[in-house]
Amino acid sequence: MAIADAGSSLTDEQRAIRDVVREFAVEEIRPTAREADETETFPEDVWDGLSDLDLTGLTVPEEYGGFDADRTTYALVNEEVAYGQLAVATALSVHCLATSCIAEFGSEDQKETWLPEMTRGRPVGMFALSEPDAGSNPAQMSTVARRDGDEYVINGKKQWITNGQRGEVCILFAKTDPDDPSSVTQFLVPKDAGFEVGKKEHKLGLRASDTTGLLFDDVRIPAENRLTEEGKGLSAAFHILTGGRVGIAAQAVGLAQSAFDEAREYAHEREQFDGPISDIQSVRHKFSDMATQIHAARLMVREAARQDDAGEDPRTAAAMAKYFASEAAVDVTNEAVQIHGGYGYTTDFEVERMYRDSKITTIYEGTSEIQKDIIARGVLD
Amino acid sequence: MKVLVTVKEVAEVEDDFEIADLDVDPRYLEYDLNEWDEYAVESAVQLAEAADEEVEVVSVTIGPERSEETIRMALAKGVDRAVRVWDDDIEAAEFLDVASKVRLLEAVVAEEDPDIVLSGVQAHDTGFGATGVALADAIGFEWGAVVNALDIEGVLNDGVARVHRELEGGIEELTEIDLPAVLTIQTGINEPRYASLRGIRQAQSKEIAPKTLSDLGLDFSAVESELFLTDMYEPETESDATYFEGDAGEQAAALASALREKGVGAE
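Protein sequence lines, in the order shown, are assigned to chains Y and B. When we follow the UniProt record's numbering, the leftmost residue of the first sequence carries the number 1, and every step to the right adds one. When we follow the UniProt record's numbering, the leftmost residue of the second sequence carries the number 1, and every step to the right adds one.
Since the hints were made in silico from the structure, they are not lab data. Keep in mind the model is a prediction, meaning the values are calculated, not measured. We treat Cβ as the ideally placed atom computed from N, Cα and C, and that holds for glycine. Hints may be right or wrong, so weigh each one.
[Claimed, not checked] Calculated cross-link-like contacts (lysine to aspartate or glutamate; reagent style EDC-like; alpha-carbon spacing at most 16 Å):
| hint | chain 1 | residue 1 | chain 2 | residue 2 |
| --- | --- | --- | --- | --- |
| 1 | B | K2 | B | D113 |
| 2 | B | K206 | Y | D12 |
| 3 | B | K2 | B | E53 |
| 4 | B | K206 | Y | D177 |
| 5 | Y | K232 | Y | E303 |
[What the hints assert, rightly or not] Now the in silico label distances, taken between C-beta atoms and shown as ranges:
| hint | chain 1 | residue 1 | chain 2 | residue 2 | range |
| --- | --- | --- | --- | --- | --- |
| 6 | Y | A310 | B | S205 | 18 to 26 Å |
| 7 | B | P64 | Y | D309 | 43 to 51 Å |
| 8 | B | E172 | Y | F273 | 26 to 34 Å |
| 9 | B | E172 | Y | A296 | 31 to 39 Å |
| 10 | Y | E269 | B | D125 | 33 to 41 Å |
| 11 | Y | D309 | B | S205 | 45 to 53 Å |
Generate the whole structure from the sequences, applying the supplied hints.
Shown next, in the form of structure tokens:
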């Protein structure tokens, strides 16, 4: 059974895009994964390749040179890039969050200044919402952008910023009034405005991705770099993140599928008790569970994407997809290591990295607990 | 200028398979663009991109509707339009031998009137390695086989294909071939690109023109093969590997005596 096709009503275009990105993931992205993880270095050549495929302009409108993908296509691309390497998919989806913010909230000038170049891959985008003391509750943030004539003066610290070192354009969320939690506003801050990049975090997984803090110390930006009206920043963030969430869920599916495929190949080759371990019922049933989880997660992603494409409110479906798919990725990569036995616990096998990578999917862009809050609001209130 | 690229959707066999009658059971087959043709497509697109004047790249394939997915990928990489030859008579033909394919392609060449025809050296599945050069003979073009380097400027400006041809033993032959010509393209001549997303989107609206035998002024006799498959089977494989223990010297000594036992080398 071709699992990736199941239940789908993909167009010919979407199918072709999926196939090309899968091929690119297998041939170009995956081979860089081990070294990128070991050395905590982002594979920049792969990024240039993503640009050649038009993926860095995935969510940019066509008039600025982008591809303007529908949400289903966006999810397919995220799934397949993550099939190659989660850290690359994460970097791409954050870049796309930044271009989406500029496309949706930016002025004509800002769009023309940034989008064509970002479509070509550089400058790389960042999305700065979280802070050391404001994670799941961003309204608790303390970064302040104080109006001073034709400028805003920014002070504060951001945390967990993907592309923190590589990135050049930061979508920043800050309060315009430190005492008013409802004053969160969205800004565009180029790196050359002068903020400081903190140390790179050393992480359990996703090690090729440069995650840093950002320190703003009296950083001045022109007032026209404000993307939303004062106080409209948080709802704008949530709106953009709902779409992004479908992409993160799709990445979890791609990661789970990659671990499944590694385990499947291994189970056919590894012989114990006079035959391949794929003949042993306790192992076979693991594959049944893994395949079912992946299939369910993929269908949830597709449905959330369909709702978004159809103009329905996808918030509950997107949260369900992100919650289910990320937990499934943790389960599936865990079983993939188990199927590999002792070998799966070594860095010689890909599943070891995939297992470490999987955990972040239940944490970033809304923890599983936050997703459950969103789901509960959708089904109860 | 017009470049015609012959492309084929080839069957790839899974590791484990069964044979049904005279072919591999279709359940064990997957289809993809012939690897050599990928390089031919890339050469054609590079020619078009390097040209100041308009160069049209047309692909031609003999294949059922299923092959359109593969053809679209070539369109996404920069081929301008495609011709697909197929009908019930071709479908019913037991086996399309080289002569049959050449008769069909010859008719397409007559319609398209290309300046240069690029073809893969061989097809991954049937492996005759003959279609390109046989076509050249039929249409009276010059030809160069197993081309692993092509001077694009020469083709565009001088009407000459200056090519490197790969010979056995690591020798390369440099040849000048006057156009019109057929070149069979070897893998490694270039680095085939991935289709871009925009290319894929544009390809959805590019033309794939279906052609029947009668469209080409032919009838079923064009696909009457003089070659018949009589059997297909998987040969018994014997695995008899010996691993020699010890350091390099001990392994070499053991190998030497094993070879002598088999009658290799002088006493």
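Here is what the structure says about each hint:
Between the alpha carbons of K2 (chain B) and D113 (chain B) the distance comes to roughly 8 Å, so the proposed pair stays at or under 16 Å and holds. Distance restraint check for K206 (chain B) and D12 (chain Y): the Cα-Cα separation of roughly 13 Å lies within the 16 Å cut-off, and the hinted pair is therefore satisfied. At most 16 Å may separate the alpha-carbon atoms for a hinted pair to count; K2 (chain B) and E53 (chain B) meet this at roughly 11 Å. For the given pair, K206 (chain B) sits about 55 Å from D177 (chain Y) by alpha-carbon distance, which is inconsistent with the 16 Å threshold.
Proposed proximity of K232 (chain Y) and E303 (chain Y) is contradicted: the alpha carbons are some 29 Å apart, above 16 Å. Take A310 (chain Y) and S205 (chain B): their Cβ atoms lie about 24 Å apart, and the range 18 to 26 Å holds. Under the hint 43 to 51 Å, the C-beta atoms of P64 (chain B) and D309 (chain Y), about 32 Å apart, miss the expected range. Distance hint check: the CB atoms of E172 (chain B) and F273 (chain Y) are about 54 Å apart, inconsistent with the given range 26 to 34 Å.
Between E172 (chain B) and A296 (chain Y), the C-beta spacing of about 56 Å breaks the proposed range 31 to 39 Å. For the pair E269 (chain Y) and D125 (chain B), the beta carbons lie near 26 Å from each other, so the given range of 33 to 41 Å is not met. Restraint check, D309 (chain Y) to S205 (chain B): a C-beta distance of roughly 21 Å breaks the suggested window 45 to 53 Å.
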